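2 protein chains.
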Amino acid sequence: MTNYHLTPSQFREEGKKIIDWIADYYEKIESYPVLSQVKPGEIKAGLPENPPQKGEPFEHIIRDLDEKIMPGITHWQSPNFYAYFPSNTSFPSILGDLVSSGLGVQGMIWATSPAATELETRVLDWLAEMMDMPEKFRSTSTGGGVIQDTASTSALTAVIAARERATKFRSNKTGVREMLVAYVSSQTHSSLEKAIKMAGIGSENLRLVEVDEQFSMRPDLLHELIREDKKKGFHPFFVCATIGTTSSNAIDPVRKIGEICKEENCWLHVDAAMSGTAMLCPEFRYLKDGVELADSYSFNPHKWMFVNFDCNVFWVANREELISTFSILPEYLRNKATESGEVFDYRDWHVQLGRRFRSLKLWFVIRHYGVEGLQFHIRKHVEIAQNFTRWVKDSNEFEMVVEPALNLVCFRHKAGDDFNMALMNAVNETGKAFFTHTKLNGQVVLRMSIGQTYTEEEHVKQTWNLIQKTAGRMTQG
Amino acid sequence: MTNYHLTPSQFREEGKKIIDWIADYYEKIESYPVLSQVKPGEIKAGLPENPPQKGEPFEHIIRDLDEKIMPGITHWQSPNFYAYFPSNTSFPSILGDLVSSGLGVQGMIWATSPAATELETRVLDWLAEMMDMPEKFRSTSTGGGVIQDTASTSALTAVIAARERATKFRSNKTGVREMLVAYVSSQTHSSLEKAIKMAGIGSENLRLVEVDEQFSMRPDLLHELIREDKKKGFHPFFVCATIGTTSSNAIDPVRKIGEICKEENCWLHVDAAMSGTAMLCPEFRYLKDGVELADSYSFNPHKWMFVNFDCNVFWVANREELISTFSILPEYLRNKATESGEVFDYRDWHVQLGRRFRSLKLWFVIRHYGVEGLQFHIRKHVEIAQNFTRWVKDSNEFEMVVEPALNLVCFRHKAGDDFNMALMNAVNETGKAFFTHTKLNGQVVLRMSIGQTYTEEEHVKQTWNLIQKTAGRMTQG
Ligand SMILES: Cc1ncc(COP(=O)(O)O)c(C=O)c1O
Ligand SMILES: Cc1ncc(COP(=O)(O)O)c(C=O)c1O
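Quick note, the sequences are listed as chains C and P, same order.
All the letters of the first sequence, read from the start, carry residue numbers 1 to 477 under full-length UniProt numbering.
All the letters of the second sequence, read from the start, carry residue numbers 1 to 477 under full-length UniProt numbering.
Think of the hints as simulated: they come from the structure by calculation, not from any bench.
Please note that a few of the clues may not be correct.
Same chains, same names: a pair is fine if it fits in one copy or spans any two.
Straight line, CA to CA, 27 Å or less: simulated DSSO-like cross-link-like pairs of lysine-lysine [what the hints assert, rightly or not]:
#	residue 1	residue 2
1	Lys39	Lys336
2	Lys336	Lys414
3	Lys230	Lys173
4	Lys469	Lys68
5	Lys380	Lys168
6	Lys28	Lys17
7	Lys432	Lys230
8	Lys336	Lys262
9	Lys439	Lys173
10	Lys136	Lys17
11	Lys39	Lys414
12	Lys336	Lys439
13	Lys136	Lys461
14	Lys231	Lys414
15	Lys16	Lys28
16	Lys232	Lys173
17	Lys232	Lys262
18	Lys336	Lys469
19	Lys336	Lys380
20	Lys469	Lys230
21	Lys39	Lys136
Quantities reported herein were computed from a predicted structural model and do not represent experimental measurements.
Sequences and hints are given; from them, build the entire structure.
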């Protein structure tokens, strides 16, 4: 009689095949077109319209994975993926997450798996040390860290905690009744606007502060706006400074912004989604100067730190504010440990209740690479970006748009917006590389984001040659 | 020269060891104490205070996993785990999620991996068919499904979309300016209150409707409250009905509540977090009678459908309302497919921007088990719960609190609250089983939640014997 389960011994067999499947994938990853070439609806059309009534052999699932799913994959892990921002991973991370899936614990509170909570606390204290973050972000001080799914959710968490503090912890009860106003730069990631909307503040109450020629927020204009708003009877409550904006990797002046926040009593959230990882290297830490003035700070190991999606780190300076904002204790979750006050119940630190064992993959990565191994890769990516910058500067047809702070190169062909878009599409359609664009000062800008796990200088060099050749053909044609 | 990475061939080796480690774990899972016996701080104290400067061999990580982490695990996957609610998994799910980690794609929009979007759409349409959900929840009609992380996030998503619709899509712009009021029952999960707070509505504007003796929401009282609120100038906008409350698995009368929502122009969200899975079986579908009146519906395959955490299914009747609420299109994400309107960009369906390839594990589970295999297990769990109920009824010392609708048995010893709490703690401390309590009508109630993957009748029988024996010893002592 069947009970439909895979037995442990079948799991050993199928699981090892999947491990080989993944290893094979990485061995041949460069043979795939980086950007999937399928048309809308094509993948769905290849999948049966109706669900299977009876279970199917595992090999059929894998066959369909190869034949029906793989053509619709855009290969983020390809060394020739330079689009958007990195979302890199590594074998240790994949295995750490596999252990998490295997254990299948749900760590919503300490009691439901103490190790899930305590490893997370420990590893985030490690990370704070690895990045020389301020004492107050550590669990041993007034603050602490929690793993969130994404920077977007962290932004929402920060906005809501700030909203609560600004309203003397009334907004959770009464709703948003005050004229709260928040400040970001014109370059801040869209997740902040989304958070302001979701939290019931309203996008009309979000001010976009103008930036300087490096696309960094102008603190003088921030201060002016705050003062004007106060005069008009608004209540400024929240500022987001970005270390490494999405478009051009601009660095907001955190210290100056932080001083204004202290003076004006605003919550300072720092979004270092991608570039935060660079703080592993002492030589890049000047970019976070002033971070001890922040109330919260978020960065994504799932972007540039070899930890697979999702994994966002969110630190707060004062955990009590966070916990009073998000905690709820229904009877069915009451337990001795929670009542003792000696433990963290992480569901009180964020939006969700349930949570998997989130820290395992981060722990695997830190232990496997060590601080040294992580620094090695970050430095390599930055160096490649510097070399790419040199090549652009050495060419006659292309120009740099801004000096790269780290691993993102913003450049353009001199022949104008339409040409740049056509050039980008032409290169992407070859399948040999994938990069994307943005707009800065109203102009199309091409972006080479260098941060995938297996990207070496030779890949970037080849892509640069391809870009040049394609542009050459287009200008001739 | 090292580049610190595991090579693909090292990954093959270490990966296969982890697969064996997981298989071994399931083979010996019954030898662990179900509820971790560690004290607060014990696990953390076993982990080094400082991060490793140099990377460490993989076997050291696994050794520490065994020695330092495992004692702090509460074994959710044990067949003797009856606490809270199930959060089960299965080998096919673990492998589906492994493929997702291996591919490492970030499917925030269609273009960033078309297969990630289109498989999700297809599989959620399958599920709608498998559960005989209304036509309007399907992508081929006006609605569609999206995989969220948790039921909590789905609740927040529903509240915000409802808030937008009720304010004629102004609240995202202006903030919450109207006197919006929401309704849940006194038994509704705390995530709804949390959502109402986060969305800027305020818990003062959340009404708790009283329940009947089955702990189901009383629609007559709901209607009364709505009418009173309207008279007072409030704007009722949102109702949550639960199919299977957390405490006692009560079923709210969805049809009656839905009719009131239509009449009073409220958004109806249905939270079927655990019990939603039962809709795979035709004989349990009467529990969702009236669901075609809902605007949104959420359930957790990560609870009772053998899909590992996290995986929540969120269906809406009108996807346009959802998308107008959550969409944001920064320049750097503009692309032809999005502009064509032919594709779904799932980041517009929820809070987060980034998302992993969420549907793979769900696809693996459905294909491996087929509808038939899933039905088999759901029916078995319900049958075990019925047998447990019979045993309780046959005993002199224990009594049932409510008739179980599905797989959750609420019972108590007749000797009073303190005795029940002491009994529960005594059994849990043996490590042989883990179950939890709640309060109903102010009284302590013990809960046997039967839904873990490997729970068979013999496990539950043994636990029942243990409970009886322990109680016997306690009454003698
Ligand atoms: C009825 C109900 N709704 C919502 C939830 C929240 O689930 P999640 O952890 O997925 O947010 C639960 C259980 O946790 C539940 O039982
Ligand atoms: C600066 C910045 N902040 C936030 C985000 C959002 O990241 P996530 O997908 O983790 O929400 C991104 C990129 O997506 C980003 O570049």
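Each hint tested on the structure:
no., hint, in the structure
1, Lys39 with Lys336, "between (56 Å within a copy, 11 Å between copies)"
2, Lys336 with Lys414, "between (67 Å within a copy, 23 Å between copies)"
3, Lys230 with Lys173, "both (24 Å within a copy, 20 Å between copies)"
4, Lys469 with Lys68, "neither (33 Å within a copy, 56 Å between copies)"
5, Lys380 with Lys168, "neither (47 Å within a copy, 51 Å between copies)"
6, Lys28 with Lys17, "both (16 Å within a copy, 23 Å between copies)"
7, Lys432 with Lys230, "neither (53 Å within a copy, 62 Å between copies)"
8, Lys336 with Lys262, "neither (38 Å within a copy, 44 Å between copies)"
9, Lys439 with Lys173, "between (41 Å within a copy, 24 Å between copies)"
10, Lys136 with Lys17, "neither (46 Å within a copy, 40 Å between copies)"
11, Lys39 with Lys414, "neither (31 Å within a copy, 65 Å between copies)"
12, Lys336 with Lys439, "between (55 Å within a copy, 16 Å between copies)"
13, Lys136 with Lys461, "neither (43 Å within a copy, 51 Å between copies)"
14, Lys231 with Lys414, "neither (46 Å within a copy, 66 Å between copies)"
15, Lys16 with Lys28, "both (18 Å within a copy, 20 Å between copies)"
16, Lys232 with Lys173, "both (26 Å within a copy, 19 Å between copies)"
17, Lys232 with Lys262, "within (20 Å within a copy, 41 Å between copies)"
18, Lys336 with Lys469, "between (68 Å within a copy, 24 Å between copies)"
19, Lys336 with Lys380, "neither (49 Å within a copy, 33 Å between copies)"
20, Lys469 with Lys230, "neither (55 Å within a copy, 69 Å between copies)"
21, Lys39 with Lys136, "between (50 Å within a copy, 26 Å between copies)"
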